[in-house]
Structures are given as C-alpha cells and as structure tokens.
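Enquirer: Spelled out, the chains give:
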Amino acid sequence: MATTTDIPLPKTKREVIDRAVIRFAGDSGDGMQVTGSQFTNTVALYGNDIATFPDFPAEIRAPAGTLPGVSGYQLHFSSNEIFTPGDAVDVLIAMNPAALKTNIADLKANGILIVNSDAFAETDLRKAQMTSNPLEDHSLDKYRLFSVELERLTKTALEHLGMDAKSISRCKNFFALGMCYWLYNRSMDSTVRWIEAKFGKKPLLVEANKLAMKAGYAYCEATEAFQVSYEIPPAKLEPGLYRNLSGNQALALGFVAASQKSGLRLFQGSYPITPASDILHELSQYKDFGVITFQAEDEIAAVTSAIGAAYAGALAITTTSGPGMALKTEAMGLAVAVEIPLVVCDIQRGGPSTGLPTKTEQADLLQALFGRNSEAPIPIVAAATPSDCFWAAMEASRIAVKYMVPVILLSDGYLANGAEPWRIPELNELPDIPVKFETNPVDFKPYRRDPQTLSRPWAVPGTPGLEHRIGGLEKQDVSGNINYEPLNHEKMVRLRAAKVEAIAQDIPLAEPEGDSDGDLLIVAWGSTHGSITAAVKAQRQKLGGRGRIGHLHLRHLNPLPLNLGDILKRYKKVLVPELNMGQLSWVLRAKFLVNAIGLNKIQGRPFKQSELEQKIEELLD
Amino acid sequence: MTTATLPLLTKKDFQTDQEVRWCPGCGDYAILSAVQSVFPELGIKRENFVVISGIGCSSRFPYYMNTFGFHTIHGRAPAVATGLKTIRPDLEVWVATGDGDALSIGGNHTIHMLRRNVGLKVLLFNNRIYGLTKGQYSPTSEMNKKTKSTPYGSLDRPFNPISLAIGAEATFVARSIDVFQGHLKDTLKHAAGHKGSAFIEILQNCNIFNDGAWFSLTEKDARSEHILQLEHGKPLVFGKNRDKGIRRKLDGDIEVVQLGNGVSESDLLVHDAHHPRPSYAFLLSHMELREGFPTPIGVLRAWDEVPRYEDLIHEQLKEVQDKRGPGDLNKLLRAGDTWRVEAR
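As given, the protein sequences belong to chains A and L, one line each in that order. Going by this note's numbering, the letters in the first sequence line up with residues 827 to 1447, in that order. Going by this note's numbering, the letters in the second sequence line up with residues 3 to 346, in that order.
Chain L on its own, in the form it takes in the complex:
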C-alpha cells in the first residue's frame, strides 16, 4: 500500500462532530490536536484506524477521533485491543489511557500487553492525578501529595511509567510533553513506525486538580536545565547553554558532568535507542529521580527485532494448517474411537 493510492487525508478528516468535553485549558486538547495532525500523515486509510480507551479523562479520546473507536471499561483497553489485534493484525490500533487507568486498575494488562509485544500504540496521558473522580492521588503522584483522599499526604511511592514499561520488556518506550507540539508529533510518528508495542508517556497538565505538575519541565526559564532531549546517535547533552552532559562511570553508573575543563562531548554517553538490552534505557529512565539529573524525553528505546504477538499467532495457525490441511468439521466430529449402532 502506498500513499499515492490513498485519498489525501487532512487533520479535519479525523475530527468528529462531537463537542469536546475536557476542561478548558486541559493538556488533553494539545494531545488530541497532535494525534489528529499525525494520523493523516501515516499513509493509512481512515477506516483502518481504531482508537481504544479505558476510563478517565484521557479515555474520552476516541469520541473525538473520526476513526473506529471503542471507549471500554476502566483499565482494560490493552486487553480489548489485544483481542482486536489478534483477529485483525492489519488494523492500526492506538490505545488512549491515563496514569490511573494504565498503571493502577489496568496495571496487569499494561505489563502483559508489553511483554507480548502486541502491535499497539499506547498513549499514556500522565497528569499524576485522578481527574475524572475529582482529585485523588494517582500511582504516579509524588510522595506526600496532599489530595482529597490524602489530606495528610500520600504515603505510596510512585511508579515511573517509563521504568515500568522497560521492566515489562517493552520494545518501544518514549516520552513527550503535551505542550511541546513539535516534539510530541515527532514522537508519535516514531511510535507509528514501530511494529511491536509502542509505549508513549505524555506528560500532561491537569489545570484543575494538579496544575503545574510538570512546570519544571515546561516553563521557559526552567525547561532546558531540566530536560534531556534524547536523539539516537547523539551525545547526552543538556542545559540552557548545552554545557552539561551524562557520562558513564567506571562502576557502570552514570553521572552529570560539566562540559569544558578537559571534558568534551566525546566523553559523554551517546544515545543508542536500538540497543537490544533494556538496561541502558532503564538507567536513563531513572535519572530524573536523582538530584541534579535531567528528565529524559524522546525515544528511550526502540528495538524492533521482536516479532509481534499477533503475527506469531497467525504464523502458528498457518504452520499447522500447512501441515494438517484446513480443518474438516466432518472429520473432527468423527475423530478418535467411534462405533456404529445398526438399525434393528
């Protein structure tokens, strides 16, 4: 299939007539806009897109995408999408989910979808709060967070979604931010090109219940100091003046170094998103928890050598069919030991 044979699709073709019902100023609008801009560029017929979601603010997403869409139940979107994909591996299936949906109630399905490497693109909207239920802490909320359900502060250690995905053997793991439209679109396109499970954490602002959760990364003055933008094959440099970098230590750990005074970019780690082993990406995913380290965004891991689950299923079906021939119901019913009772 080439784009030449396809009708030219535009962003407008992916908008629905339904009134968008997110709060004014919600980061979800920006994500919706980015996805609606990227879909027409993928060279895929509109009827072959399916958007599946669970429950939560993010999960209203399918209603606003003029594709096939299924708003399912809390946490189960990856499982619904897996069933769909096994029957129709040819469809382009995207899952819209949130930090509560994917990591709390649906945590089990998220990790199992990733380990199976089902060919799904997962957009995890992470606003570190429960929005639709009006402001309880989420599994990504920082400790000691005061919310409606934790007036004295939350006591749970948070998940890092990226670490979790890598730990679950995800083959594509990326992070972007709602307000970085260009970066977000690029990241979505990267994900679209990945065959297996593509997991994208999108840092998203909930301006009602958790406003400013990501300000240290999004505010103009602060962001270049706190963000490390990953690019495959490029050294890990960050800082307003691009004067800091990440260097490998002798014990295998990493450290932040100041460039200059004999330290140059050639001393730094060079980003390798395609490394078959996940340990390097995992190390990067944990940086932000450490004092003085930046938060990485971009594609942490894109290792596409693992077959997709749905392809394996159909290969196995074909293998057996090639060997045994197509199933014959009459023979199946008469299989094994049989005996005949004669009329008398």
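With the rest of the complex left out, here is chain A:
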C-alpha cells in the first residue's frame, strides 16, 4: 500500500497529551457530520470532556466538490475541563480540494493534515477554483501532510462484497474515521454498535462500513503512516453518570421533564425550520410520555395551536428560529393579552430574512424584547451551553405556568447542534413546577390576580361554573370583560408589565465568575459562555492577580437580575461580547447608563477564545 509522506517513517510511539482539536471536512455528501459525531461519541464515552462545532451549508447537496458544498465538523476533546470547540485545529481531515481550501487556514503549523489524494484530479481542483495541485506545489509544507488514497484503499478493502462503485465510495469516510481512531488510540466498539443499529436491515452496508473503518485502522497500523499516536486520558469531571447531549436534544428533554414535574401534558406546535427542527424530531418520539407534537401548516398555526393547547391546560411550546418568531409576533401579543402560559423557543440563526440558516448568531435579542405591537413585555430566558438548554427549558416552563405568561427561550444554531457531556441529574435535583387550575366557581373572576405573582387564574374549558370569555380586546381589570376606558387600559398595561417585572424577585441574583469587582466585567448571554469562560480563565491565570476580571453570564434577559446595576458599578470597565451589533450593550446602556463596550462579531460563527483574550488585553492595557 502506497502512501506519500514528506518525511521518513520512524517507528511509531505513543504520546500522552491533554487535548486535541480535530476537524472533519468534506463535501456535503461525504458524511462528515456522521463521521464527526461518531468520533465525538467515542471520545465522550471514553470520558474526555468535549465541545463540538458542526458547520454545514444550508444546501442539502450543493454541487459536488465546490466551495459552498463543504461541510465540517470540529471536535475539541480533552483530559481537562474545556469550554469551546477550539480556535485552531491539530488534525484536519480534508476529503477534497474544496474542503482543504476552506479549512486549511485553521490548521496549526506542523498540524496533521490527512487528505484524500484520490480527489485531487484536475477537474476536482477546478471545482475548488484551484490552479495548482497543493499536494504537489509545496504550499502545504508547513503541515504534516498525509496523502491517502481513500478512494482506492476503501475499494480494495470492500471489493469482495460485490457492491457498486458508488456505494463503496460512500464508505470512505469510515476509512478516515478508522484512521483517526488509530491516531488517538480509541476503540471502534461504539461506532460498530452504531453501524449495526443504523444499517441493521441492510447487512451488506453493516459489513461494508465496519470493514472500511477497520481497514482505515489497520492501514495506520500496517504502514506506520504516522510517527506518533496520541493518548488523551479521561477528564476529571464532576463525578456522576454522563451522556453526550446536543442543545436541541437537551431542550426536548427539558420540556419532557417540565411536563413530568408539572403534571401537564406537553404540546408542541411547530413548523419545520433550521436549526430548530430537531426539537420536533426529538419530541415526536416521546409519545410514551403523552407528548403531542403538532406539525402545523405554518409558523402562525404553530404558535396559535399552542395557545389553544395552553388554554386547554397543557404545557404548550412552539419552537422556531428568527424568521418564524417574526411570523408568530401577533400571536405572542395575544398570549400576553389573554395571559396564557406558553414557551416560544427561538433557535437563532444568521439574518436578516432567510440570512444564514445553518449559521449561528445572537441577533434576535431585541426582537424578543420588543418585537410586538404596543406594550407587550415577555420574560426571556437564554441557554448558555448545549446541555444548559435542558435547564433553560425547565426554567422557561416554570415561569410560564407560575406567572401565566408567554416566555421566550433563546438558543442558537451553535448550541442547537453543538454537543457536550452532560452529568445526568437525579430526579430530585429537578425543580418542582407546581400548577393549580382554578376550580372554584364562587365569585370567579378571570382576571383577578394573585397578589404575589400578579398572575390570573388558569381556568380551563370543561370546568363547571367557570364559563367565561377571553380575547385580544382590552379587558376590564378583574372581570375580564371588554373595556375601552382610558384609565382601565393604562392600569392593564401597567399590570402586565408589573407582572413580568415581579419575576425578578423569583430569579437568582447575579453573581460574576472570577473576580467579584475590579478592572473589567464581561457581561454576556447565550452561547458565548464557553469561549468567554475559557478566555477569562486564561487571562486571569496569565495576569496572576494583576488585573481583576469578572464574567457575568445572564440566564434571564427579561427581567434582569435585581442586583445587576450594582454589579456593573463594581468594575472600572464593562465589556459586552455578542454575536450581533451590540444588542445587550444597548439594553445595558439604556437601563443602567453604563459605558458598555461592545465586542461584536457577525460572521455566523462563534467567538474564538483568542479574539476575546485579545480584547481583554486591550482593555486592561
């Protein structure tokens, strides 16, 4: 078996390291997402801490071999606690010239580059708009290049199975995966189990994929292609039982848990939209929990059916992305007016309009805060990490049913598709979500409020003696009858606002990580949590107490924690990094008259740790 390497091959040795970043990149049809998630599962099961970043095009199959068709999956795994998928890549697997061209800039100097050399014919190069063959023109000299004939080697390994050329070619990603398992000394068992479950009904495919993977592994062993293989010991995570969890999976589980803890049937009204559809796919499986998923005819029916379900006494949610939430706007105002519990999940993506469907952004915060006609305040909860989506779902549900109010839960594409290990909680660690339906017909008033929460009674149809009418027209305080009187309207507007404000009494006070006062406070929300945590940790270590940095990550964006204003005053500077043009900055400036300094990135990608560190250094200078 021939390989091309630029250096002589010494005997391989095994090196123990503490972290690695690996990226699989190829054509949309090359199975990079499957390959990446299989590798992720394996290292997670082994006990490494992980953070992933799947990055794929909006097109299902852009023209093969072209630059827009490149799909990537990045994994950072470590024996220490980690917070980001990693800035720079240690190992890049590039299945074609387009994947090489779009990803090579992120590979570290002297990094390992595994290239499918069978995909570098002149036509392939042309599709990637390359004029010379990088495998031959020395442009890759600063990397450890391994040109592997993935196509031919896979074919040789599978020849005897009698499959057609196309089906054989489709297995080459598993050959590459096998190579990576060898490179990091990992067992192929969990992927073998996955292949058997996935292709169980097609024994030939089971055999082919297993063989391809094992051939990749054996190839490394036999050819000693790499001088070293690596060992990354398990991470020292908090003791407990773990599983690997993506943000959308976590949301689905969180809502099932909220349904169980509240005793309410879960209803999801949803219309498919990237990157939120997986929540619908997940929840539609949980019929044994009595979950009703309704794939509506459009975004508006998705939210209004949920309002109908909430009216009937369900824990009702609707899941979407920014364009979908725009369509739900009027209905969310109705939920505000009729004071019905509802959770609207916005899995943000790049915009405006259709924008960047598969890329991440945090630019819907102001839409969530203000995107309705008139005064229609809605509490907002934001998830910070993929597994945190579980807790955010429970918290949003708790607020919705306790305060009889629609709640917006903000996640984003990065959290939705990214995965991390999750310590599975015991049931008694989950918050209780008590619910009381009104049943007493004596002097029943649909808008009489609980003095503490200001919430109105939840009086569901079918309850004797509670027949009443609600609707989007302004209501008279207490009675709920239609009322157009000026003073009543002002009172109702203020009551609805006060109810949302009162939630501030019911959420934890803000508590910065790191230094509790000092030179710089970083205030942020949502999926930037990982890179900010990593950057602050690194900078504090570096400074060794010479600069005092705090990091405050907001779970509740409306209402804000009661002590936020005080905390902002404890630091000389306030930095607000966001994947938008400065929306939280805008809010903090407006509310607290603070000189919030923005760090804003709008590229459809998360912050790199280095970008944040650079800004921190600049501000502390």
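To be clear, the hints were calculated from the coordinates, so they are not data collected in a lab. Just to be clear, a hint being listed does not mean it is correct.
[What the hints assert, rightly or not] In silico EDC-like links for lysine to aspartate or glutamate, alpha-carbon gap of 16 Å or less:
#: 1; chain 1: A; residue 1: Lys992; chain 2: A; residue 2: Glu977
#: 2; chain 1: A; residue 1: Lys1040; chain 2: A; residue 2: Glu1057
#: 3; chain 1: A; residue 1: Lys1271; chain 2: L; residue 2: Asp19
#: 4; chain 1: L; residue 1: Lys320; chain 2: A; residue 2: Asp1114
#: 5; chain 1: A; residue 1: Lys1113; chain 2: L; residue 2: Asp313
#: 6; chain 1: A; residue 1: Lys1113; chain 2: L; residue 2: Asp330
#: 7; chain 1: A; residue 1: Lys1398; chain 2: A; residue 2: Glu1443
#: 8; chain 1: L; residue 1: Lys150; chain 2: L; residue 2: Glu227
#: 9; chain 1: A; residue 1: Lys1024; chain 2: L; residue 2: Asp339
#: 10; chain 1: A; residue 1: Lys1113; chain 2: L; residue 2: Glu321
#: 11; chain 1: L; residue 1: Lys333; chain 2: A; residue 2: Glu1252
#: 12; chain 1: A; residue 1: Lys1399; chain 2: A; residue 2: Asp1343
#: 13; chain 1: A; residue 1: Lys1399; chain 2: A; residue 2: Asp1341
#: 14; chain 1: L; residue 1: Lys197; chain 2: L; residue 2: Asp306
#: 15; chain 1: A; residue 1: Lys1113; chain 2: L; residue 2: Asp339
#: 16; chain 1: A; residue 1: Lys1113; chain 2: L; residue 2: Glu317
#: 17; chain 1: A; residue 1: Lys1228; chain 2: A; residue 2: Asp1332
#: 18; chain 1: L; residue 1: Lys325; chain 2: A; residue 2: Asp1114
#: 19; chain 1: L; residue 1: Lys333; chain 2: A; residue 2: Asp1114
Position chain L relative to chain A; hints supplied.
Expert: Chain L only, in chain A's frame:
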C-alpha cells in the same frame, strides 16, 4: 352521557350579560339566536362548550355566548381550536368566523383544519363584505364590486366557500341563511351530530355595507325560484310550483329541466349527502354560478367515515404507550450511551 342526567338547559342559559354590539338589523343577531336555541338541545353540559373566533363582526360571537369563549386573532381561530381539541377531544368546540377571517387572512388554517378533519363546527358568516373595517370587498364579493377600496370595481374572482371546503376534503359541508331560522337550526343540529369537521356557510346580510347581498334568495317572491333546498334521499326539485329539477346529463354534467311533458321526479338526481366521494357535492356547489341554476342550501355533504384528527392523535399515543409502557423520565434521561465518572 344521557340528557336525563343533565340539568335542563334553556336558551337563556347561553345568553351573557354583555351588551350585544352588532349594528341594529344585522344578520348576526339571527345566527346568535339560532345557536343559543340549538345548544341547549344537544345534551351537552354548558361547561363543555367552547366558542372560538378570529377577528371581524362575526368574531364577537363568543362574548355573547355563556360558554367558554376565546376571541383570538384574525384568521387563526381554526388553529387555536385545533390545539384545544388535541388536548381536550371531549369538548364541543364551535368556531365563529367570517368570509374575510376564514377565507382571506385565515384561508390556510381553514383548509388545513378541514383536511385534518378536526372535530370542530365552523360557522362561516358570509356577508360578502368587510364590515368591521367599514366596507371593503371580501374574497366572496362578486366581481366588479364597487366598494371603498375598489371605487372602479373589484377585479378578483370570488371564492365559493362551499366549493373551497369540499376541495379541502371537508367531511361535512352545509349552507343556510340567517333569516331562515328553522332551516338554520336544523342545519346546526345536523352539524352538531357530525363527528369530524363540520363546515356551515351561513349567508348573512350586512345591512350597513352590503345590504341585500342575498335578497334574491331571501325575498319572498324570488326565493323559491332561486333556492334548491337539499334533503338526503329526495330528488332535486325547486321552483315556486316545484316544477323544476336537476337532471344528470350523459356527459356527467347536470342540467335544469322543467317537470312535466314526460319528465318526472324519477328522472331527477336524488340527493346523496353521504356519498364518500366529493365530486357530486362539488358539482352542486358550483350550480349557482351558472345561468338558470338555483343556489343549493342544506347539507351538501355529510360523510362521517373519516376518523377525527384528535382521536387519531390519542390512539397513536395509546398504541405507543401500550407497546413501550408509560414514559419513565429517569430512564429517558439515561437513554443511549452513558459513562460514569468516578470520584477521585
């Protein structure tokens, strides 16, 4: 549940203390009165009735019905009602809507509710005009209609609500007229007995912005010539002297024939509301657009062999639960590949 165990309800039990705010002389009063008269006769507890509406004059309906009621937003009542029905299939849910609400802004929800066969009764008040916004043409307005928004005449071809409903696979489709109280009540009762989606177009007069839209059907002299009252199992006869009928032609089309001169009722089409295929009802629904043909009222289609959407949902839930057992949260959280990190 039998009526014997129920408290005796009367029309008064379904009236609210709210002042009715439709214009004097509006056809909506007659529809309200008919519904309030029919509800007590259905053998259903009052708390199990829900009336849901969108926006428009018709959609004020819930405020005047002493049941559970929800005045939602423009066009979305079918979707709100669908959500409600999936959670509580046991409730008797009626939707009050208009030609603009159901066919313009809410057209999408109307057709999807009908195709799913959600167990809802839909009262579509058709006055061929926008009333609450003060007189613009509607999707059922005839062409060349001069209104505030179409001073030179409207250019849009109108929807025929009945054809649209049948085209959307509705399993129950009927038409009645606000001023025909007896017929309207009978039609409502028919609808109440239908399990799946029941779609009732009620021709309603807006005496302010479109007075007389249905006069050719409601005025004493004209109406028997222009109306064909459908009854299941009866031949299609109409006319002041019941001397005209509808006959099937060899090419499958229909024609109006004069009875007598060798043409008798036995030559006519016999109304079959329960036919599984919608083509016959669709043909009837289109008659009124043709010169010399009458407008059919009554039940055009009542085919109740299709399961209700909400029942299918709960059957599927039960099927999965029977197979897998009730969901166990602890197991769900621990599903798939897991690993244990030991204290060290």
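Enquirer: Could you tell me which of the hints above the structure violates, numbers in ascending order?
Expert: Violated hints (numbers, rising): 2, 8, 15; every other hint is consistent with the structure.
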